[in-house]
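*Asks:* Residue numbers (the working numbering), protein chains in the order written: chain A, 1 to 187; chain B, 1 to 383; chain C, 1 to 431; chain D, 1 to 158.
To be clear, the hints were calculated from the coordinates, so they are not data collected in a lab.
As the structure is a prediction and not an experimental result, all values here were calculated from the model.
C-beta: ideal position from N, C-alpha, C; glycine also.
Just to be clear, a hint being listed does not mean it is correct.
As the list claims (entries may be wrong) - Straight-line distance between alpha carbons at most 25 Å, and here's what the computed BS3-like set of lysine-lysine pairs gives: (1) D:Lys6 <-> B:Lys67; (2) D:Lys6 <-> B:Lys310; (3) D:Lys80 <-> D:Lys121; (4) C:Lys395 <-> B:Lys218; (5) D:Lys6 <-> D:Lys60; (6) C:Lys327 <-> A:Lys184; (7) D:Lys80 <-> B:Lys67; (8) C:Lys51 <-> B:Lys199; (9) B:Lys67 <-> D:Lys60; (10) C:Lys51 <-> B:Lys50; (11) D:Lys130 <-> D:Lys57; (12) C:Lys399 <-> C:Lys51; (13) D:Lys136 <-> D:Lys80; (14) D:Lys80 <-> D:Lys57; (15) C:Lys399 <-> B:Lys50; (16) B:Lys67 <-> D:Lys136; (17) B:Lys67 <-> D:Lys130; (18) B:Lys199 <-> B:Lys187; (19) C:Lys399 <-> B:Lys218.
What the hints assert, rightly or not - Footprint (simulated), chain C over chain A, 3 or more residues, beta carbon under 8 Å: (20) 63-75; (21) 166-172.
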Amino acid sequence: MNPAGMIPAGTNPPVATPFFFYLLAAIMVIGGVMVITRKNAVHSAMALITTLLAQAALYLMLYAPFVAGVQIILYAGGIMVLFLFVIMLISIERAEKERQFNKQWPVGIVAAAALGGLFIAVYTTTTKGRALFPEGRMTYGETQNTQQIAALLFDRTAGQYMFAFEIASLLLLVAIIGAVVMAKKRI
Amino acid sequence: MTDPTSLSPLDLETPDKTFLDANELVINMGPQHPATHGVLRVILRLDGEKVMGLECVIGYLHRGVEKIAENRTYTMFNPYVDRMDYVAAVSNGLGYCEAVEKLLNVEAPPRAQYVRVILTELNRMASHQLWLGTHALDIGAITPLFYTFRDREEILKIFEKYCGARLTTHAFRIGGLQYETYDGFEKDVKTFVAFVRPKIDEYEELLTTNRIWLERTKGVGKISGKDAIALGVTGPVLRASGVKWDIRKALPYANYKNFDFDIPTGENGDTYDRYLVRMAEFRQSLRIIEQAVDHIPEGPIMAKVPKVIKPPVGEIYHSIEAPKGELGYFIVSDGSTQPYRIRVRPPSFVNLQALEVMCRGQLVADVIAVIGTLDIVLGEVDR
Amino acid sequence: MHALMQYIQSYLDSDKTPGGAGNIFWATVYILLVFAGLSVAVIAMNWLERKILAHMQVRLGPMRVGPHGLLQPIADAIKLLLKEDIIPAEADAVVFWIAPFIVVLAAFTVFVVVPFGPTHAITDMNIGILFMLGVSSLSVLGIVTAGWASNSHYPLIGALRSSAQMVSYEVAMGLAVVSVILMTSLNDQSTGTLSMIGIVQAQLAQQEWFIFKFFPLGLIGFGIFAIAMVAETNRAPFDLPEAESELTAGFHTEYSGFRWSLFFLAEYSAMIAVSSIAVTLWLGGWLRPFPNLLVAPPWDLVFSLFPAITFLLLAAMCFYNTARMPKHPLFKVQTIGLAGFGVVLGLIGLILFLPAVRLRVNDIFWFSAKVAGFMYLYIWYRGTFPRYRFDQLMKVGWKVLLPTGLALLVLTAFVGMRTELWAELQGVWRP
Amino acid sequence: MIAKLKGNYGSGIEPLTYLGQNYMVVDRSLIPEILQVLRNEEQFDYCVDITAVHYPKREKQFDVLWILYSFPRNQRIRVKTQIADGETLPSSVPIWATTNWLEREVFDMFGIRFDGHPDMKRILLPDGWKGHPLRKDYGILQQDNEWVQINLGIESGQ
């Protein structure tokens, strides 16, 4: 493995990569556990925000700053604010007395163990002497990340995902209209 | 004039139930709250930010003025009335002195009458200035407060020069005035009129056409003339609802008959109209003051009033147009030196009752605006 | 010693930001400099706001602590630090404790990408503007949690208001920003940029501030942003979350002392941050005025003298006021203090005349001067406007700014396309 | 108007004038009807004030007064009636909405109850207070010491 060789010329060598990876991964895992173990919904939401931010940092490490930025602005800044908004509107005292959803922990453990096992199995499997995961990293230069994503999406020649992207937008539009219809009594 | 026969108890429309209407929030506003102008406590039932209902809890400043009156002589009670509406102390004194004079069947001499009118109108301006400053502050404009206080200071200086006190002036006596005007009183008043006229334009410049001010006040706290009469609302609040009624014109007292002035009225009865009415009243007060100061007659300042005031047995109701509305005194005399009963009909107390009608279905922010626009003084509400 | 000077010299002459050069030492120095500068700016802003507002309102403002109250912010800071730090018994202590730090972190982190000059930024991110918008939107989390953790009605309503307000205005803000990003793509490669430095360089290349671009489209975009940014920072006339007359102090009602001062700090640095965005995107960032008209070298010299002249003028004002001080023994300390302040300002002004300093500081000066203009606007708004009501605020956000922003985006794209097509037809690049 | 009322109700009404101010003393039993008539037929659309006076030595201890004003007539009139301690009066809230607080204040100060009032409770004094201060037998220094001790924690009760 020679990660430095895979990085396009002109960018800098990464700093303390394994350390930051494990740090962020640990934060994510701890955050994720806290999301399901906290009784208080606001605490859970804050743990979720931590997880999402750590995830954004991981994207940065993958030389995908645009994705990281979108992650922060949409998930942490937008969606989680709405989450908190809703949590505060419903009264916490009443919600705490109600039955919690995280009581089915045996099933959860089985499911989690199965998923973990699957991950490990995939990671260790080799076909024709090659791991399923590529050894090196295919990266775009950090300084051009946004432009390259745009090119992938929209460029007349290089773009392949234009149609899928527009379909996704349409789906979101339908969801927005649906939400408006459901929330409004009279239109 | 509204049609009185169609008047029925208020039909109040309950606002629509909205999003998450199960969560009705009860908020206690006051008695310590920056926007309740003293110690008014308002219990708000909110649906989100929408007011479903409210209840005023008053009495935190109750001092038993009416009880005190029964244990004081007529003269001794005179300074007490200043402590009710303490921002318009002169008006309170005028109402009380005139009521007792009526009971004694004497009349203050013309010179005293003119000075009384000048001081009362100055006080009306001072009261409106205080109202404007605090009302604008409640709505979030902080600057008018400083402008109005700067100009109110000039009025208070005149009061101080005349009678030594700035706020609770005790300016009038039963039967006229105690003090002759000081040298240069007329000149001071004229200077003040010339000084304050452009300042009123200044206030208006900041607010009258300000888009945000318009949005915050137009259509807020509406009350129709019909409802206003039914709720006994008086003063600028009533006039803004289109009822052209001012005791100075309707049942003239002092010597208001001699002056030429208009009664400004509004049309919609909303907060903006009340603002405009009071701004117009500034100018009308200036007109009255100008006329009065030009025609102050020479002569005595005190009518012939016995040293010990002992009105004959009887009762009287006398009311004046205070800056806030109809301020009435109902006095029962049993022939002794002490009033048998004095009832004060406070304009703020009655006007405050309209708060619920004006606020229902509005937003919390509007409650603040409406409390401001009612121009209440808690010292008068609670007495 | 000489080697050290050379090291510094080499970095000062480099055309990269510390982040771009990957130098951790210089990045740290820059971070500390930005942090210190920001703190000083907030303190100065505190004093200026009180003074300017006071003069608008026919009063004097702070006059007691130091000459003309110059030391008032420091006295305030000391008072706040020494005050008892109260955590309400019913509050959610942990969240209550964390909330102000979230707000402050978000407010300060955005300055990582603010370009004070072509090399005077901590780093130049490829997603600069996206990063700024994203991170500054995180501060709403702190506000919401602060309101919730206080476990009290007024802070809760303040928090709900502020979250709704900030989320709403971010949308309009984003649309205005995107229209600028479209403008950056008018170059021979037809690729735009999100980088803050890249945006200013695009304005330099096109010889036009984006506020004048495609007149009046740039101006409209700027207008949308200028309104949204006031709402975004919870300042008058959009200061509903802390509407004093309605909600006592809004989300920070229950906070006191140091924690409260963190909110204060965050509010002001957020104001500076959004002003920096506006300056970078529309007003040419660090570019001096008239980059396209007055281009001859003498003009460069004239404009580069501005920082020094500004400081000398301030110094002259100090000396003038020193002369006007009452000649009373009680005012002796104040007089000396003001004169000393004038001397310091004058010395800074003289140092700024040195060519080596002048050329490097010029960018920072113009950037700061433009930001200061926005700061003055903030104070001016506060002195003039009443407060919007919540539904009206939402109406302005969703029914006025959002449709305008969308139309602006489409129009900018259309005009930009036309310009590009025209350039293609001509076979030459003409921005 | 007075003549008409006098004609309709006879000896129950006694119209009087003092110092140019008109008032009429009305029998307690006629009060609901008179107020209604004044409001609807005689156009007294504005109830200025309601108040009471306490005469402890009389058999019917209280004078209760309605001060009314008519916008169309530009006229003020006082309606006065006498009631004994403990006797109640009909509430005039359905006639004039403004009387809500005014009647509460009369109740607070004199202990006169108004039947049919939507919310008959104290208005200026705190809810648990004992005594009605504007009665003549209530001394000027008198207080509900017990209330003060319990609610304000002042030992002496003053």
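*Asks:* Tell me the numbers of any earlier hints that the structure contravenes, in ascending order.
*Replies:* Of the numbered hints given earlier, those the structure breaks are 1, 2, 6, 10, 12, 21, listed in rising order.
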